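Taking the hints into account, I'd like the entire structure generated from these sequences.
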Amino acid sequence: MVLSIQDLNVKFTLRGQTLHAIRGISLDVHQGESLAIVGESGSGKSVLVKCTMGLLDANGYIDSGKILYKDADLAKNRTDKDWQSIRGREIAMVFQDPMTSLNPLKTIGKQIREAVELHQGLKGQAAYQTVLEVLSDVGIDDPQRRYKQYPHEFSGGMRQRVVIAIAVACRPKILICDEPTTALDVTIQAQILELIKKMQQKYDLTTIYITHDLGVVANVADRIAVMYAGDIVEIGTCDEVFYDPRHPYTWALLSSLPQLGVKNEPLYSIQGTPPNLFREVKGDAFAPRNPKALKIDFVRRPPYFSVSPTHKARTWLLDPRAPKVAPPEHIRTLREKGGLGNG
Amino acid sequence: MADNRKKLVEVKDLSVTFGSRRHPFKAVDGVSFHIYEGETFGLVGESGSGKTTIGRAIIRIHPTSGGQVLFDGKQINGRISKALDREVTQRIQMIFQDPMSSLNERAKVDYIVSEGLYAPGHHLTQEARQEKVSKALADVGLLPEFASRFPHEFSGGQRQRIGIARALIMEPDFIIADEPISALDVSIRAQVLNLMSDLQKKRNLTYLFIAHDLSVVRFICDRIAVIHKGKIVELAESEELFAHPLHPYTQALLSAIPMPDPKAERNKTLLVYDPGCHGYSETNRPAWRDVVPGHFVLASEEEFARYQKNY
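Protein chains in written order, with our numbering: chain A, 1 to 343; chain B, 1 to 311.
None of these hints come from the bench; they were simulated from the model.
Careful, some of the hints might be misleading.
To be clear about the criterion: a stretch of chain A counts as covered by chain B if any three or more of its residues have a C-beta under 8 Å from a C-beta of chain B, and this derived list gives those stretches [unchecked claim]:
(1) 27 to 37
(2) 64 to 76
(3) 133 to 143
(4) 189 to 196
(5) 267 to 280
Selected chain A positions facing chain B (Cβ under 8 Å, derived; list incomplete) [as the list claims (entries may be wrong)]:
(6) Leu-14
(7) Glu-40
(8) Ser-41
(9) Asp-185
(10) Asp-213
(11) Lys-263
(12) Lys-337
The structure displayed is predicted, hence computed values, not measured ones.
Think of the CB as a built atom: it goes at the ideal place given N, C-alpha and C, for glycine as much as any other residue.
Set out below in structure tokens:
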């Protein structure tokens, strides 16, 4: 286990009100795995990983809970100086939009070199050679020429490669990819995901993907955590979540993918809006949007029920006393694909 | 079957060139297609392929440098009369990609939606205008009260609905949707796609749907054109295109679609399109050929023979 988040609560103060963004999340990240955190915007997935790097906005704070990394509790870090030894060196991040995460006034080479000099302690020719090496690692041809170029001379996909190069040049243990491909074309998206996978093997990284698109992570994730309203509602291995999802929200997310849609029939869409986290959420946060919600869903927050040692979900449907609710049609087809039948 | 349908939009040998006269850059190079009334036509390609430029050339944002655009039988590119220009501005509307930046941050929804109605020639009273705004908002599933709010008070999906309402209020026949759902969350995408197909059924709208993601396009489009570097490389009905992709670029695009199926994903091979693989030269030029009626592909003679054999 590299990183362990224990009962984390994060709150924001906005115009005198308190927003409860992360509502008691516990999550263990294992060495060498790739974990995907999936959820719609506002579910708190970005806030969760920002906590691990001390990048919360000024009005946000960790209310309670621990973030354990190498025997240290990161939740106790306060100043930028505390974080300096973590950011980049231990945990590095790839941001969503490669158009804005690079400095437009510096050459690509200089920007990667900064990371190399700071984190690997190299200087002069050695640093230059390492930069060239990293550049060709991430699939950029003709690194000598590219070293001297500015970000505007690169296409979107190439820029994202540079951002990844900067991240791995720090030689981190954990690489966090916050929507790494949302701003990119489908063809480029597939290539970038391949690249991150390659980097993970080469540098023995643990990767955490954050995305709103379940379709994207089927290829890259070992485990998937589904987030809704500041809470992990289901977590399991990739196959378990895709072929045997248990939480109604995971059902809804999977059913609304256009890849599974049937032509000339309306796509499944989730009704309503996510709950207002300024107010205390009662019961299961997804219940108001779930047409098949049970009565208890509105009253008591469900605990985690284990489906298998690696798979658990926060829904009353898994309680032995709950009535049998059949998953929607799309989910049953997925099950058949996974060879699990209708059981 | 297709021939007795009315062609609402016809694009013939369209070219759009940017840059100076000395360094011209052909963004769109000899593109021809037509869109039948009431259908959804998909235009798919990667960024920089010229798909947006085609949409913008049709709606007269970019001047064309060659070819013809016919709308309802009349030529609408190049110099046209003022009356026709007005007609075109009213009958063709556009939905933009990013709902965060396509709405005027400093105007209220009321104004954003009805801005087109302020154009001379509409002469609406304040009441009539407000009534139209409420109706347009209701059509896209928003409450009429929202008219007095500012765009920043809305979520991404709601903003995109405002963008659609703004297009609808002009009662257009033809809507160009330029990546309308790329910037949205997956769960919201479904809502917007459903809304668009509902509106199409109710109002007999015709769509030009521009996207880079084939999986979305398959769901909503009747026919799809795949465009690469300013040229259409393949055009077919959507199910036909997915069943028999012929051009290597189409195959590469299809292989890149992320599937929500881990087992299939692990076994898939990603195809990368190499534009040099065709070996086109002065003597071996690609041409526009149809493999079966309605399924066109850009191929040289030898390639075409191979495509037909493998079909």
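Results of checking the hints against the structure:
Residues of the segment 27 to 37 of chain A lying with their CB closer than 8 Å to a CB of chain B number 0, which falls below the three-residue condition for coverage. Interface restraint, the segment 64 to 76 of chain A with chain B: violated (0 residues with C-beta to C-beta distance below 8 Å; minimum three). Only when three residues or more bring their CB closer than 8 Å to a CB of chain B does the claim for the segment 133 to 143 of chain A stand; here the count is 0, and the claim is violated. By the rule of at least three residues with a Cβ nearer than 8 Å to a Cβ of chain B, the coverage given for the segment 189 to 196 of chain A holds, with 4 such residues.
A count of 5 residues in the segment 267 to 280 of chain A with a Cβ less than 8 Å from any Cβ of chain B is obtained; the coverage claim is therefore met, three being the minimum. Checking Leu-14 of chain A against chain B by beta carbon gives a least distance of about 14 Å; that is not within 8 Å, so the hint is violated. The criterion of a C-beta within 8 Å of any C-beta in chain B is met by Glu-40 of chain A, whose closest approach is roughly 5 Å, and the hint holds. The closest approach between the C-beta of Ser-41 of chain A and any C-beta of chain B is roughly 5 Å, which is under the 8 Å cut-off, so the hint is satisfied.
Hint status for Asp-185 of chain A relative to chain B: holds, with the closest Cβ pair at about 5 Å, below 8 Å. Against a cut-off of 8 Å between C-beta atoms, the interface hint on Asp-213 of chain A holds, since the closest Cβ of chain B lies about 5 Å away. At about 6 Å, the closest approach between the beta carbon of Lys-263 of chain A and any beta carbon in chain B falls short of 8 Å, and the interface hint on this residue holds. A least Cβ separation of about 6 Å between Lys-337 of chain A and chain B falls short of the 8 Å threshold, and the interface hint therefore holds.
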